[in-house]
Amino acid sequence: MSAREEILERIRTALKDSPVAPEIPREYRAASQLDEEALIELLVDRLIDYKAQVSVVDNAEVPARIAELLADAGSYVVPTGLDAGWLTGLELEHDSRRRQDSAAAPLSVAELDGIDAVVTGSAVAVAETGTIILDGSPNQGRRAITLVPDHHICIVKTTDITGILPEAMRRIDGTRPLTMISGPSATSDIELERVEGVHGPRKLDVIIAR
Amino acid sequence: MSTYLGMPSIPVYGTGNLHASESFPKAAHRELGNAQLRANLGHATHTIRDKRIAVVSELPDWEQLRDAGSAIKESVMARLPELLEQFEKTFTARGGVIHWARDATEANEIVAGLIRETGETEVVKIKSMATQEIGLNEYLEEQGIAAFETDLAELIVQLDHDKPSHILVPAIHKNRSQVRDIFLREMEGVDPDLTNEPARLAGAARAHLRRKFLTAKVAVSGANFALADSGTLAVVESEGNGRMCLTLPETLITVMGVEKLLPTWQDLEVFMQLLPRSSTGERMNPYTSLWTGVTEGDGPQNVHLVLLDNGRSAALADEKGRSALHCIRCSACMNVCPVYERTGGHAYGSTYPGPIGAILSPLMTGIQAEENNSLPYASSLCGACYDACPVKINIPDILVHLRSVDVDSKRGKKKIPTQMDVGMNAASWALSSGKRLGLLEKGLPLGRLAAGPDKKITKLPGIAAGWTQSRDIPAPPSQSFRDWWKKEHRTPEPDAAPAASQDQENQP
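These protein sequence lines are chains D and H, in that order. Using the working numbering, read the first sequence as starting at 1 and increasing by one per residue. Using the working numbering, read the second sequence as starting at 1001 and increasing by one per residue.
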């Protein structure tokens, strides 16, 4: 008997009393009642609590804000699908510091390790938990680019902000390669006190664009 | 590899790091002698308790989430064969490869075989209870494969040649100064001026592991959840070491217990609210990664999953104990446990310490395995664990159930009755009737005599000596409560019911 058959047989035998699968009570909240302003306020509060830096700007100001945040970066990477409009800041248009990455033309891990920052979009955000979800769409790119560089600049559109987790999960395709990010890399491993900055990007800048 | 012929005889128990090799009271006695350990644990468990309560109180629907979580897990157990087959189909359809392992040995052999196929002799690891349970690191070392733990606490434990003592924070028994000393002693190229500031210590770990992450070809992980309907796996973490292992290597090998399944994507919205708040006391953990088989051009292109039984089917066969398999390894139960807080995790022997370990370990190994029958008694049955459990596992009930399993397993083994048997028989005789109890209570003044002028009994004979080893028994009163009641109520209420007959009605 193969291990597969045997394990399944053991489990069937263990369930010989035929327990009935209960109905799942889903009386927990499925949606929040917050308007856009309240959502932005809550998301900002939660991101700051996790030591992310946040700025809320009008769409037109996004390029300038990105340029400002990249002022000290010797190099940065963007996914090829990043909204071109976001890089129209004068200093960004023909920026020699910029590298592009895509699944078709990926940078090596060593190359990424030499790059200071990364700029991406995002799929959806959860205000209540301060969570940003990346789903590998062309404006967010491969998972490696938001992991290896030490500074992540992430743009969240106000229309992508949800109140609570169930709302966000219902907007995304679970079979894409997903990364849920809540603040910069952190650990609670020493005396259960949270300390920011371990292996992932130690600096997380969130630009909320409205 | 174990070979089996014909139908399996049920239950088949688990092997590996699931046993206490000395009894809990003995181990606890030793651990309690370590004042530094108790100070470290007291500080850490109280910190996390406060954080958990704060973030749990924020949610108006916490109890509804617990109810949903509990029902989902119960449903998973009832439908496990069907869900495993469904998951196998969806995971395989997306390019993943599934392996089945009956026990620890078989799982270790599968993982080592997969690593050997890649030609590599080094792997990076994400903290995983399943691989702890099967003793994977030790096995790989014997096979000439070096496994590098990348979680900060696991790294501390591995560098110190120590054992984990907590399922979430394996180095919870070490304080910051001890961690600094371990790093200075064991970490190659570490800054000799390293301070005990947690941020500096985390920085040292980052520098130490960076090269390993960037060059590793193979990673080994556990999984927090697996979704049957989509074939998706999830790892919940904080530091980014998980993302490094799940994203950069070419080959990813995940080891997961068969009970970790969830039926649908929708169920994840429940558990991703329950787990972070219950474990690290955060609204959400910094990073969660989800992957469904292989994604072309993004992440590992060889994706394996080892589905592990190792005693889970045995736990499932115990109708009163099977809900222990609902556990999502959050560790809230150990953080609130008055016993764990004082003894620490090593006293439990098994990979799974604390209240959940005290039921899970004997359920997976059988109550008669080594010293595991001492674990169900490692509790005052205060019920704090049940209150804290995000999936509402009734740990105190299962502890009591397993105590009876333990007593039953010994019944009839010895010809001569033990002191405990004699005592229990006497108690059964005395407590089955109010008259008998009343008769015995006439002997109370004898106890007063034994207590002497200082009104304390300091030493009892036989097994009762254990009680007086660390405390005195105050002298018994000169009369029983029932005698007192009778006297009090004799007059002026002649129609008051006699206490003795009332008591008899209340006897079971």
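Read the hints as simulated data drawn from the structure, not as lab findings. Take the hints with a grain of salt, since some may be wrong.
[Unchecked claim] Straight-line distance between alpha carbons at most 30 Å, and here's what the computed BS3-like set of lysine-lysine pairs gives:
no. : chain 1 : residue 1 : chain 2 : residue 2
1   : D       : K16       : H       : K1163
2   : D       : K16       : H       : K1026
3   : H       : K1089     : D       : K16
4   : H       : K1442     : H       : K1320
5   : H       : K1217     : D       : K203
6   : D       : K16       : H       : K1320
7   : D       : K203      : H       : K1051
8   : H       : K1459     : H       : K1414
9   : H       : K1442     : H       : K1026
10  : H       : K1051     : D       : K51
11  : H       : K1442     : H       : K1415
12  : D       : K51       : H       : K1320
13  : H       : K1089     : H       : K1163
14  : D       : K203      : H       : K1442
15  : H       : K1415     : H       : K1459
For each hint, the structure was consulted:
1. D/K16 to H/K1163: Cα-Cα ~38 Å, so violated.
2. D/K16 to H/K1026: With Cα atoms ~38 Å apart, D/K16 and H/K1026 exceed 30 Å; violated.
3. H/K1089 to D/K16: holds (25 Å)
4. H/K1442 to H/K1320: Violated, because 41 Å separates the two Cα atoms, which is more than 30 Å.
5. H/K1217 to D/K203: holds (27 Å)
6. D/K16 to H/K1320: Distance of about 14 Å is within 30 Å: holds.
7. D/K203 to H/K1051: Holds, because 24 Å separates the two Cα atoms, which is no more than 30 Å.
8. H/K1459 to H/K1414: holds (28 Å)
9. H/K1442 to H/K1026: Outside the cut-off at roughly 38 Å; violated.
10. H/K1051 to D/K51: holds (17 Å)
11. H/K1442 to H/K1415: Status violated; Cα separation ~33 Å.
12. D/K51 to H/K1320: violated (45 Å)
13. H/K1089 to H/K1163: violated (37 Å)
14. D/K203 to H/K1442: violated (76 Å)
15. H/K1415 to H/K1459: holds (29 Å)
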